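These protein sequence lines are chains A and B, in that order.
Numbered per our numbering, the first sequence spans residues 14 to 374.
Numbered per our numbering, the second sequence spans residues 8 to 539.
By construction, these hints were calculated from the structure, which means they are not laboratory data.
There may be inaccurate statements among the hints.
Here are the simulated DSBU-like cross-link-like pairs (lysine-lysine), alpha carbons at most 35 Å apart as the crow flies [what the hints assert, rightly or not]:
hint, chain 1, residue 1, chain 2, residue 2
1, A, Lys81, A, Lys52
2, B, Lys336, B, Lys227
3, B, Lys458, B, Lys71
4, B, Lys167, B, Lys112
5, B, Lys458, A, Lys285
6, B, Lys185, A, Lys127
7, B, Lys458, A, Lys154
8, A, Lys146, B, Lys125
9, B, Lys227, A, Lys146
10, B, Lys185, A, Lys152
11, B, Lys306, A, Lys248
12, B, Lys227, A, Lys127
13, B, Lys167, B, Lys185
14, B, Lys91, A, Lys146
15, B, Lys150, A, Lys152
16, A, Lys219, A, Lys146
17, A, Lys82, A, Lys146
18, B, Lys150, A, Lys146
19, A, Lys152, B, Lys167
20, B, Lys71, A, Lys146
21, B, Lys155, B, Lys167
22, A, Lys154, B, Lys150
23, B, Lys125, A, Lys131
24, B, Lys125, A, Lys154
25, A, Lys146, B, Lys185
26, B, Lys155, A, Lys152
27, B, Lys125, A, Lys152
28, A, Lys154, B, Lys325
29, B, Lys336, A, Lys154
Everything numeric in this text was worked out from a predicted model, so none of it was measured.
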Amino acid sequence: MGFSFIRHDTNVDFVGMRHKAYVLSIVLILVGLLSIAFKGGLTYGIDFAGGAIVQVKFDRPVADDTLKKSLEGANLPGLAVQRFGEGETDYLIRISNSDESTDVIRTAVTEALKANIKDASFEVQRLEMVGPKVGADLKSKAVEALYYAVLLIAIYISGRFERRWMASAVMAGTLAGGMYLLGLIGVPRLWLVPFSLVLTMVLCWKLRLNFALGAIVALVHDVLITLGVLSLLDKEVDLNIVAAILTLVGYSLNDTIIVYDRIRETLRTHRKEWSYAHIINASINQTLSRTILTGGTTLVVILALFVLGGGVIHDFALTMLVGVFVGILSSIFVASPVLLHFGMPEEEKEPAPRVGQEGAV
Amino acid sequence: MKEGFRWRLAVVLAVLLFGAAYVLPSLPGVKSSPLGRFLPDSTISLGLDLMGGIHLTLGVDVDKAVENSLAQMGQDIRTMAREKDAFVLRPRVLPGDRIEFVLAKAEQREVLGELLAKQFPQLSVAAPQTTDDGQLRYVATMKPEYRKNISDMALEQAVKTIRNRIDQFGVAEPDIRKQQDNRIQIQLPGLHDTQRAIQIIGQTAHLEFHIVRDDVDAEKAARGIVPPGTEVRPMVRRGADGSQSELPLVVDKEAVLTGEYVADARPGFDNFNQAYVMLTFNSRGAAMFERITQENVRKRLAIVLDGKVYSAPVIQEKIGGGRASITGKFSTAEAQDLAIVLRAGSLPAPVSVLEERTVGPSLGQESIDKGIMAAVVGGAAVMLFMVVYYGVSGLIADVMLCFTVLLILAGMAAFGATLTLPGLAGIVLTLGMAVDANVLIYERIREELRKGHTVLSAIHEGFDRATLAITDSNLTTIIAAAILYQFGTGPVRGFAVTLSLGIIASMFTAIFVSRVVFQAWKGGSGDKRLSI
Chain A
14 MGFSFIRHDT NVDFVGMRHK AYVLSIVLIL VGLLSIAFKG GLTYGIDFAG GAIVQVKFDR
74 PVADDTLKKS LEGANLPGLA VQRFGEGETD YLIRISNSDE STDVIRTAVT EALKANIKDA
134 SFEVQRLEMV GPKVGADLKS KAVEALYYAV LLIAIYISGR FERRWMASAV MAGTLAGGMY
194 LLGLIGVPRL WLVPFSLVLT MVLCWKLRLN FALGAIVALV HDVLITLGVL SLLDKEVDLN
254 IVAAILTLVG YSLNDTIIVY DRIRETLRTH RKEWSYAHII NASINQTLSR TILTGGTTLV
314 VILALFVLGG GVIHDFALTM LVGVFVGILS SIFVASPVLL HFGMPEEEKE PAPRVGQEGA
374 V
Chain B
8 MKEGFRWRLA VVLAVLLFGA AYVLPSLPGV KSSPLGRFLP DSTISLGLDL MGGIHLTLGV
68 DVDKAVENSL AQMGQDIRTM AREKDAFVLR PRVLPGDRIE FVLAKAEQRE VLGELLAKQF
128 PQLSVAAPQT TDDGQLRYVA TMKPEYRKNI SDMALEQAVK TIRNRIDQFG VAEPDIRKQQ
188 DNRIQIQLPG LHDTQRAIQI IGQTAHLEFH IVRDDVDAEK AARGIVPPGT EVRPMVRRGA
248 DGSQSELPLV VDKEAVLTGE YVADARPGFD NFNQAYVMLT FNSRGAAMFE RITQENVRKR
308 LAIVLDGKVY SAPVIQEKIG GGRASITGKF STAEAQDLAI VLRAGSLPAP VSVLEERTVG
368 PSLGQESIDK GIMAAVVGGA AVMLFMVVYY GVSGLIADVM LCFTVLLILA GMAAFGATLT
428 LPGLAGIVLT LGMAVDANVL IYERIREELR KGHTVLSAIH EGFDRATLAI TDSNLTTIIA
488 AAILYQFGTG PVRGFAVTLS LGIIASMFTA IFVSRVVFQA WKGGSGDKRL SI
């Protein structure tokens, strides 16, 4: 047998550490939310806010200030210059939304650079312009995507964990109906996302879908912390970031599902002898090595993307990096201990259906 | 057991063959080789963000098309009414798809009413009001279904014209498609001169010929006072240094001829090597042009393109043969582009650029290089880890990883999917997530071995128990990917495609293929040890 990082008989009292973990989580979430609130909401990239970016590459280093000064006379609204990647050769020039056509922007930038920066030649590598209309459309599409993702995943996990698909159908019906009503009275889609999340949690609580509730708490936890980090680092939310967050929503559930399955398995075998806390803790420990290994390999490739993948997907990789990392921790420290607070689930009626096929890993 | 193994192995080999067959054509040199004839045609195409090119979203101003159509109806009502000796005055387009006109004699109300009902069913006419001087004022509204018809046709026509122009411009594999909200999406791979592309695509190219009224007082005209039936149009003057200035020119309001009748347009050079555009009219246009020049000898004929006068030569004599030229100190490229645009016909309504994304070729190549670098380094790290951690079993997982990547690429080729930069990121991400399934199975096998199971039963248990959990846990990621595909734009869709293909392929290789490999490896032997 190969070696292991984590001994198979590891027994760390994760459940005992839950209060410290909760405090840390809440602090992280609060710091993130405060940062978002303090900065007046998340900053949107040009995909959603509209505007233009011009990526230029110089053949030799040019200082930030020189570049900024040379563009100041060009009369570009909301001009911001930002280094792109390492070194002083690649820059991103941002221009806020305006009625100017791309031609005007391109000409203004190139003329200003040609006139003011004599000792280095440059190339416009990328130019993106998103008009206000398209920006608004992309935004509503992104919100719609988030909304349906939350809806579908909520329904899936509420049915998945306890195999109570009836409850899940009730859930789907209530969610769809509730959202439809809210939509009718003109609640914007963006607000429907948190609304549907809260409604899902309430429904899970009422229907006693404990595992589903835990999974959703963990999911919200991961996404909130990730968004907070993005805000703290002054990253802009664009289409790629939304894609990263949706992927995270899907991926961070992977680990949670594995641990939860093990808890249900242990519940079946040790319900009588062990306390719920003990069962949960034993399950976390038994699955610890696979939680860390699967998350770890994913982190490794994301790190490779982050370091080597180039500027265009840098923020995407960063979002994934933060999210996957938080996701690993949350499936150990948050998702499982939080189950304790919902009470021990009732005994499953049919004793372990289809043993051999179904099973915890 | 033995039987099951055989068909499993057959499936694995078939899938491997399928994968190779679809991936090979995408490798350089294979398609043209003798082997290429036996392989499928489809290859993986690169997205604009990787190969460089222009992505444009154009908005077609269909309101303008509706307005034009209403203005045309106004003229038609006037002409047709005159044929019945009724005088319709001052047709004017009003906001809200309405048109206003005045009937000079109130007693001709029935004549006009009959004409409107018969010839203009697309208008709903309100009861006319009597004005102070005894005339009748009509307001008619375009019916919504007809409006929709016009805007649909305008969009259709715009797509056709733009496609025509791009084809003439010579872009390999352009992608032009209609979108909702009167938008057109255009993808021009490998093209980098955005300015020129937009100039060609976006120019309305509405060509008109107007008779110049040199008899009108130029000073008054400059102040905007012109006789009825005439209007001021700016005339573009170009200096030798390329600078432009505009000069007001008074012309007859009604065009004598339009670009509709142009059959061909070609760039040419005059004796001074100055570029111009040579127009050839179709037979009807040629006849009209001959008549116009005959009737207006010694007058000037203004050639108006999109509202601006390009030249206004004096008509020396009747011109037969249906040829005319547009001069205006063009550069060679400008003359070429103008010829393309006139040949392809005018746009039915103005268009505006709502979104533009241009990626230069150097950045595209850079992205490919960096993406592949990240994939190689990330993949190598994961593979190394698996071998060190799981020994021979880790090696099997590594082979499965390569198989997974092969299947992703094959799937993309088979579906004709486009590889974008986020798509490349999706493949890299899959490298990390694909081994998850292997890890889950192997950890379970280790656990079973610790419990004292034999190697064979541990393998059996490990695979059996992991299968459903792997499927279930991956399903959430697939849900996310499906939603991304549904709502995402180009690059993000590429990510959704590689991610979902990656997950499906990795489940197949980890659960199905690697089980076959384990069976082949340990199935027959009574081995007591397993390198895992």
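Measure nothing beyond the straight line between the CA atoms of lysine 146 of chain A and lysine 185 of chain B; if it is 35 Å or shorter, mark the hint as holding. 17 Å, holds
Distance restraint between lysine 336 of chain B and lysine 154 of chain A, which requires alpha-carbon spacing of 35 Å or less: 47 Å, violated
Restraint status (C-alpha distance of lysine 167 of chain B to lysine 112 of chain B at most 35 Å): The hint is violated at about 45 Å.
Decide if the proposed pair is consistent with the structure: lysine 167 of chain B and lysine 185 of chain B, CA atoms, cutoff 35 Å inclusive. 10 Å, holds
Given the hinted pair lysine 155 of chain B and lysine 152 of chain A, is their Cα-Cα distance within 35 Å? Holds: lysine 155 of chain B and lysine 152 of chain A sit about 27 Å apart, inside 35 Å.
Can the restraint linking lysine 185 of chain B and lysine 127 of chain A be considered satisfied, given a maximum Cα separation of 35 Å? With a Cα-Cα distance of about 38 Å, the restraint between lysine 185 of chain B and lysine 127 of chain A is violated, given a limit of 35 Å.
Below or equal to 35 Å on CA atoms is what counts here, so check lysine 155 of chain B against lysine 167 of chain B. 18 Å, holds
Would you check the hint for lysine 219 of chain A and lysine 146 of chain A, treating anything up to 35 Å between C-alpha atoms as holding? 42 Å, violated
Would the hint linking lysine 81 of chain A and lysine 52 of chain A be met if the CA-CA limit is 35 Å? The given pair, whose Cα atoms are some 24 Å apart, holds under the 35 Å limit.
Lysine 150 of chain B and lysine 146 of chain A were given as a pair; does the straight-line alpha-carbon distance stay at or below 35 Å? Holds, because 27 Å separates the two Cα atoms, which is no more than 35 Å.
Holds or violated: lysine 458 of chain B and lysine 71 of chain B, Cα atoms, limit 35 Å. 78 Å, violated
Pair hint lysine 306 of chain B and lysine 248 of chain A, alpha-carbon separation not exceeding 35 Å: 65 Å, violated
The structure shown violates the earlier hints numbered 3, 4, 6, 7, 8, 9, 11, 12, 14, 16, 23, 24, 27, 28, 29.
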